[in-house]
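Novice: Below are the chains, spelled out letter by letter.
There are 2 protein chains.
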Amino acid sequence: MILLYDLCAGDPAVRFSPYCWRVRMALAHKGLDFATEPTPFTAIGERLAETSATVPVIDDNGRKVRDSFEIALYLEEAYADRPSLFGGPGGRGLARFLDYWTLGTLHPLITRLVVKDIHDRLGAADQAYFRASREGRLGGTLEAVQAGRDERIEAFRAALGPARATLKRQPWLGGETPRYPDYILLGTLQWPRVMSEAALLAADDPVAEWFERCLDLHGGMARAMPRAA
Amino acid sequence: MILLYDLCAGDPAVRFSPYCWRVRMALAHKGLDFATEPTPFTAIGERLAETSATVPVIDDNGRKVRDSFEIALYLEEAYADRPSLFGGPGGRGLARFLDYWTLGTLHPLITRLVVKDIHDRLGAADQAYFRASREGRLGGTLEAVQAGRDERIEAFRAALGPARATLKRQPWLGGETPRYPDYILLGTLQWPRVMSEAALLAADDPVAEWFERCLDLHGGMARAMPRAA
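Chains as they are written, first to last, in my numbering: chain E, -7 to 221; chain F, -7 to 221.
Among the clues, some could well be false.
Note that identical chains are pooled: a pair holds if it fits in a single copy or bridges any two copies.
Mimicking BS3-like on lysine-lysine, the simulated pairs with C-alpha atoms at most 30 Å apart in a straight line are [stated by the list, open to error]:
| # | residue 1 | residue 2 |
| --- | --- | --- |
| 1 | Lys108 | Lys22 |
| 2 | Lys56 | Lys160 |
| 3 | Lys22 | Lys160 |
| 4 | Lys56 | Lys108 |
| 5 | Lys160 | Lys108 |
FYI, nobody ran anything at the bench for these hints, they're computed from the structure.
Kindly produce the complete structure, drawing on both the sequences and the hints.
Specialist: What follows is the structure in structure tokens.
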């Protein structure tokens, strides 16, 4: 049984980390049994100090692996007989590009749309840590950063352009079947879905239609995490 | 012998289309013998009217295939015993994403940096066609669109962020070996290299270092096309 250290909100049942969702989906894709350990930001240091300053971390019978992409690479190699996450070496290579594209292009835009909402759903100790660290990075209060988001949603939707164009041509980013690249973008969109009531996607967006199909994968695992309300 | 209808400048030896370069590299990657037919914009209609309004088009012993991505898919399937362009189905799926990313993110930026330079290197008939069609699309004269480009080069370099981050982690976009995704971005950068004296990349940029390695592939095929001077 694999244990996943999974970031949690004030309600420990609420899991929202885009990087942890990638790993949850990857574990399910491989058909592996796993449990999750709800882990607030401020508990990572104590629980995982020797391994990582961030989650996700997996513990596979004593072998600890950190970083979502490294975990995906580990699972692909350690469980090579299970369904492939990357669909070959070319897919593994380009998945790195998609990872950096979401991180550099989408995550900064999403952060400025929902950072105050995320804060509000964290536990008290995490709220203090989150406010201090994010306000330092973002150069303003969480309230100021998120203010006026309605005017910024179109820019976020425009930034999804390459994914939208791809999903008009094929059912999954990974091609004919869902693969790790789909889990990368799923995690990115699950993060605001779980932590904010803001509607980031228009209902008729091909990306929204693909996201709904992602939520249904692996027994509806991602859909089982309720939308923020 | 495969024939590639290849966009040419006023000097028919000068080939600059980003899409045609992708196909040239793909043909070389597969180790296929091919010849090229230099084709100005204004000759496409007459020569290929029944097949396509754009190049690249290949003629593989009577079978005509159009559109760079469709040609890559065709070559991968028709010459499956040769080195793979995509490195498996996952790479084929994500290559579509990279194709749309270059088209939607990089190409508009590059166009506004070098469109007048491209015009100036075309033949007379192509110049008239190019000016009329591009000025309509771009909403200004070619001169006005390109003016002040020095202030826009940094934005172009910033847009390469996901490729730069990937190439810091692995030698090729396709992973450990060059694949079609590398030829996609090579074509995108070969286009201004051949048609403009503007230095779009800083010499110490990891993307520039990767580009130099791309120019050396397949016997230095892309480097053999001289830089604009």
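Novice: Indicate, hint by hint, whether the structure satisfies it.
Specialist: Results of checking the hints against the structure:
1. Lys108 with Lys22: Cα proximity of lysine 108 and lysine 22: none, with 35 Å in one copy and 52 Å across.
2. Lys56 with Lys160: between (39 Å within a copy, 25 Å between copies)
3. Lys22 with Lys160: Intra 27 Å, inter 29 Å, cutoff 30 Å: intra and inter.
4. Lys56 with Lys108: neither (32 Å within a copy, 56 Å between copies)
5. Lys160 with Lys108: Neither, since 33 Å and 33 Å both go past 30 Å.
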